[in-house]
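Enquirer: Start counting the sequence shown at 10; every next residue gets the next number (this note's numbering).
No lab work stands behind these hints, which were simulated from the structure alone.
Take every hint as true, because none was put in to throw you off.
Within a straight-line C-alpha distance of at most 25 Å, the following computed SDA-like cross-link-like pairs (lysine to any residue) qualify:
no.	residue 1	residue 2
1	Lys38	His70
2	Lys105	Ser95
3	Lys102	Phe88
4	Lys102	Ile42
5	Lys38	Gly128
6	Lys83	Tyr45
7	Lys83	Ile32
8	Lys37	Phe62
9	Lys37	Tyr122
10	Lys37	Ser52
11	Lys37	Asp113
12	Lys109	Ser95
13	Lys38	Asp93
14	Lys109	Asn77
15	Lys78	Phe88
16	Lys83	Arg123
17	Lys38	Lys83
18	Lys105	Leu40
19	Lys78	Leu94
20	Lys38	Leu94
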Amino acid sequence: MTETKNQNKIIIFDGICLLCNTIAAFLKKRLDINVYNFVASQSEEGLELISKFNLGRIPYHSIVLIFNKNIYTKSDAVFQIINDLSFGWQLFKVFKIFPKFLRDSIYDLIAVYRHKVFGKVK
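Assemble the whole structure, with the sequences as input and the hints as a guide.
Expert: Structural data, given as structure tokens:
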């Protein structure tokens, strides 16, 4: 199982979601693979992490970032990940001016329709 050392950041994502897999592949090319571990929520490792951190069904509806024993979900996870991307991507942090409930509502809307609009991994 993936160790949650201080320098490691674990991203748990929906492994059957095509959009989620595409974003994970995009991030793998742009983030330090010595720091980030990507884990599909449906994998054995994902299930172990879900149990270990008592995440319940959260990883099936939201990206989850685990870092320094903190758990970030939805837009908070996205903004934490953006912090480690190049400057151009950090411009998206301007959206933090919106209240969390609004950011997470938009996230939830995308999450609800992601399989219908983008499909599933075959």
